[in-house]
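Okay, here's what each chain looks like letter by letter:
2 protein chains.
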Amino acid sequence: MKFCSLCGHALTRRVPPGDRLERDVCDHCGQIEYQNPKVVVGCVPEWEGRIVMCRRAIQPRLGYWTFPAGFLELDETMAEGAARETFEESGVRVEIDRLLAVMDVPEIGQVHVVYGGRACSADPHPTDETSEVALMAEADIPWDEIAFPSIYHGLKYFFADRARGQWSVHTRRLTSRWKRAGAKLSD
Amino acid sequence: MKFCSLCGHALTRRVPPGDRLERDVCDHCGQIEYQNPKVVVGCVPEWEGRIVMCRRAIQPRLGYWTFPAGFLELDETMAEGAARETFEESGVRVEIDRLLAVMDVPEIGQVHVVYGGRACSADPHPTDETSEVALMAEADIPWDEIAFPSIYHGLKYFFADRARGQWSVHTRRLTSRWKRAGAKLSD
Numbered sequence: 001m002k003f004c005s006l007c008g009h010a011l012t013r014r015v016p017p018g019d020r021l022e023r024d025v026c027d028h029c030g031q032i033e034y035q036n037p038k039v040v041v042g043c044v045p046e047w048e049g050r051i052v053m054c055r056r057a058i059q060p061r062l063g064y065w066t067f068p069a070g071f072l073e074l075d076e077t078m079a080e081g082a083a084r085e086t087f088e089e090s091g092v093r094v095e096i097d098r099l100l101a102v103m104d105v106p107e108i109g110q111v112h113v114v115y116g117g118r119a120c121s122a123d124p125h126p127t128d129e130t131s132e133v134a135l136m137a138e139a140d141i142p143w144d145e146i147a148f149p150s151i152y153h154g155l156k157y158f159f160a161d162r163a164r165g166q167w168s169v170h171t172r173r174l175t176s177r178w179k180r181a182g183a184k185l186s187d
Numbered sequence: 001m002k003f004c005s006l007c008g009h010a011l012t013r014r015v016p017p018g019d020r021l022e023r024d025v026c027d028h029c030g031q032i033e034y035q036n037p038k039v040v041v042g043c044v045p046e047w048e049g050r051i052v053m054c055r056r057a058i059q060p061r062l063g064y065w066t067f068p069a070g071f072l073e074l075d076e077t078m079a080e081g082a083a084r085e086t087f088e089e090s091g092v093r094v095e096i097d098r099l100l101a102v103m104d105v106p107e108i109g110q111v112h113v114v115y116g117g118r119a120c121s122a123d124p125h126p127t128d129e130t131s132e133v134a135l136m137a138e139a140d141i142p143w144d145e146i147a148f149p150s151i152y153h154g155l156k157y158f159f160a161d162r163a164r165g166q167w168s169v170h171t172r173r174l175t176s177r178w179k180r181a182g183a184k185l186s187d
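As given, the protein sequences belong to chains A and B, one line each in that order.
Per my numbering, the very first residue in the first sequence carries number 1; after that it's consecutive.
Per my numbering, the very first residue in the second sequence carries number 1; after that it's consecutive.
Each hint should be verified, as a subset may be incorrect.
[Claimed, not checked] One-sided excerpt, in silico: chain A residues whose CB lies under 8 Å from chain B:
(1) SER5
(2) CYS7
(3) PRO106
(4) THR171
(5) ARG173
[As the list claims (entries may be wrong)] Facing chain A, according to a computed beta carbon distance under 10 Å, are these residues of chain B, among others:
(6) MET1
(7) GLN35
(8) PHE71
(9) GLU80
(10) VAL113
By construction, these hints were calculated from the structure, which means they are not laboratory data.
Each residue gets a CB set at the ideal place from its N, CA and C atoms; glycine is no exception.
When you get a sec, could you build the whole thing from the sequences and use the hints?
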């Protein structure tokens, strides 16, 4: 940030009184522009044993596969946001059943929260963000073409819990090691 | 927001192409200023069966009791943030053990994430944000003087799980009904 959102004057980078971190501070009106992590919400939507998966039509990771996920908006709960993203990205209406995973991605300033849900309609179709929507059994999941580590681990948690017949809430700290040559999404 | 953070020009409120929500958009440089919910992280720190509780020295809810909690910062995990807030607000070092609760507070654009932890040092002391720090047994908790609903419910979850000898992750949607005359923090 370079300019104050309240008065438009140039911002200064410094530690405000009583704080311990550098912030963007406006010396004209006193505004402190805090930057905090954002919440990404996603859903693993199940339909008769299969999962709604979307092929990304946008960057980053264009062409890779994901379950529906996106930034949490104001005025919605995380479960509502996960259901909204599912409809926006796949055309599928979903009932959210349970919290599945809470993952930290501090290197990109994000928290990823994944829910499990039941698809209420099986009318998947491509959208602005999705070039292809598919209903996949576990054996169909293209593990080497998954978009992001939180999608990879969210799917692994889902299938592992389902196989043992008991749902739980998983936590994990993700890194960007997977971006290095030769590294895997699971790293 | 009134002015563009990148170029300082006045912002316009409208729905950008391909979006469905109104945003603050800069018609000069094209910047879209997204506003998203913030994450508050907290910790119920246990020390020999008692809980580290802090009396707030700042608004809002000055004088009311809370366990340590505050806004998640960039470059930290939620567990790291919860431990940092515990030290900043009470002077107590804590080892985070488990995720305890994930709560939505959409009316104020927040997500509250609470962890359970073990205090490693019992040297609690007042800080800039805390006028008094106390080690409280369950019977000592001042239920009518708790600062916020997420603190109330976080404590209830902690004591209920501890009593039955099994930890779990709790989810809840909180409202601002408690602010109405005669309403309770549990509402």
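Hint by hint, here is what the structure shows:
1. Residue-level restraint check for SER5(A) holds (minimum Cβ-Cβ distance to chain B is 4 Å; threshold 8 Å).
2. Look at CYS7(A): its Cβ gets to within about 7 Å of chain B, closer than 8 Å, so that hint holds up.
3. A distance limit of 8 Å between C-beta atoms decides the matter here; for PRO106(A) the minimum to chain B is near 5 Å, and the interface restraint holds.
4. Proximity of THR171(A) to chain B holds as hinted, the smallest CB-CB distance being about 5 Å (cut-off 8 Å).
5. Nearest Cβ of chain B to the Cβ of ARG173(A): about 5 Å, under the 8 Å cut. The hint holds.
6. The interface hint given for MET1(B) holds, since its Cβ lies 4 Å from the closest Cβ of chain A, which is under the 10 Å cut-off.
7. Taking 10 Å as the C-beta cut-off, the interface hint given for GLN35(B) holds, the closest approach to chain A being about 6 Å.
8. For PHE71(B), the suggested interface contact is upheld, since its CB lies about 6 Å from the closest CB of chain A, less than 10 Å.
9. About 8 Å separates the beta-carbon of GLU80(B) from the nearest beta-carbon of chain A, less than 10 Å, and the hint is met.
10. Below 10 Å, beta-carbon pairs count as interface contacts, and VAL113(B) has one with chain A at about 7 Å; its hint therefore holds.
Comparing the model with each earlier hint shows no violations; every hint is respected.
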